[in-house]
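S.K.: Protein chains in written order, with this note's numbering: chain A, 1 to 110; chain B, 1 to 110.
Rather than coming from a laboratory, the hints here were simulated on the basis of the structure.
The model shown is predicted, which means the values in this text are computed figures rather than measured ones.
Among the hints, erroneous ones may be present.
[As the list claims (entries may be wrong)] Just the calculated beta-carbon pair ranges, DEER-fashion:
(1) 22/B with 38/A: 19 to 29 Å
(2) 13/A with 18/B: 43 to 53 Å
(3) 69/B with 10/A: 23 to 33 Å
(4) 109/B with 64/A: 40 to 50 Å
(5) 81/A with 58/B: 16 to 26 Å
(6) 17/B with 98/A: 25 to 35 Å
(7) 39/B with 11/A: 14 to 24 Å
(8) 20/A with 69/B: 39 to 49 Å
(9) 81/A with 28/B: 15 to 25 Å
(10) 51/B with 41/A: 26 to 36 Å
(11) 41/B with 97/A: 20 to 30 Å
Beta carbons are placed, not taken as given, at the ideal position from N, Cα and C, and that holds for glycine.
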Amino acid sequence: EPEVTQTPSHQVTQMGQEVILRCVPISNHLYFYWYRQILGQKVEFLVSFYNNEISEKSEIFDDQFSVERPDGSNFTLKIRSTKLEDSAMYFCATRASRAFFGQGTRLTVV
Amino acid sequence: KQEVTQIPAALSVPEGENLVLNCSFTDSAIYNLQWFRQDPGKGLTSLLLIQSSQREQTSGRLNASLDKSSGRSTLYIAASQPGDSATYLCARGGADGLTFGKGTHLIIQP
Chain A
1 EPEVTQTPSH QVTQMGQEVI LRCVPISNHL YFYWYRQILG QKVEFLVSFY NNEISEKSEI
61 FDDQFSVERP DGSNFTLKIR STKLEDSAMY FCATRASRAF FGQGTRLTVV
Chain B
1 KQEVTQIPAA LSVPEGENLV LNCSFTDSAI YNLQWFRQDP GKGLTSLLLI QSSQREQTSG
61 RLNASLDKSS GRSTLYIAAS QPGDSATYLC ARGGADGLTF GKGTHLIIQP
């Protein structure tokens, strides 16, 4: 079965630092997403990306967040100045019809 | 705001039993309904996708149904096995990506 690959699997960063989370989508998928899951809580939608631009974003996805496809294959989520409350598991997902999720990046902000 | 509710929050049954997990959603104008499995500290594995025009989907021992008019979906697991132990997530698909429930934590006792 095709896979969505995320790197790194775990990242620890100091508050105020910038982080970039990376995702390699399934090759023929056109829709890309980022979700997050704070420990013990629901998986929450952050942003969807289609045709090289953001199509939808949630209220969580504020000016501290950005997404891009820097080289036409990777899909990245950047958090400019991390806060303690950004600590969560971040999932990349891609879809043709059904959504496939990566294994996630566990972000710990200290 | 879209809401997805899953009942029960937790379930523990002996191996071999058939069981039903329930999911309800507030907006009948959905694109699709997707069921996922999440193992502790891991990503989400897609189990079944039901398009809004469909009423059910089957994969092996799993069967999922969708009733848009009542805003409900069920996941039926036949002949449960200890390897089925995981958290099962229901997600409503819409223009704003997937909206997840909190999940049902399932334990199958050997």
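S.K.: Next, verify each hint and record whether it holds.
M.R.: Results for each hint:
For the pair residue 22/B and residue 38/A, the supplied restraint of 19 to 29 Å holds, since their beta-carbon distance comes to about 24 Å. Between residue 13/A and residue 18/B the beta carbon distance is about 46 Å. The supplied range of 43 to 53 Å therefore holds. In this structure, residue 69/B and residue 10/A break the distance hint of 23 to 33 Å, their C-beta atoms being roughly 44 Å apart. A hinted range of 40 to 50 Å for the beta carbons of residue 109/B and residue 64/A is consistent with their spacing of about 45 Å.
Against the hinted window of 16 to 26 Å, the Cβ-Cβ separation of residue 81/A and residue 58/B comes to about 47 Å, which falls outside the hint. Checked against the hint of 25 to 35 Å, the pair residue 17/B and residue 98/A passes, with Cβ atoms roughly 28 Å apart. Residue 39/B and residue 11/A have their C-beta atoms about 21 Å apart, which keeps the hinted 14 to 24 Å range intact. For residue 20/A and residue 69/B, the hinted distance range of 39 to 49 Å is satisfied, since their beta carbons lie about 44 Å from each other.
In this structure, residue 81/A and residue 28/B break the distance hint of 15 to 25 Å, their C-beta atoms being roughly 40 Å apart. The given range of 26 to 36 Å is respected by residue 51/B and residue 41/A, whose C-beta atoms sit roughly 28 Å from each other. Evaluation of the 20 to 30 Å hint for residue 41/B and residue 97/A yields a pass: the beta carbon distance comes to about 28 Å.
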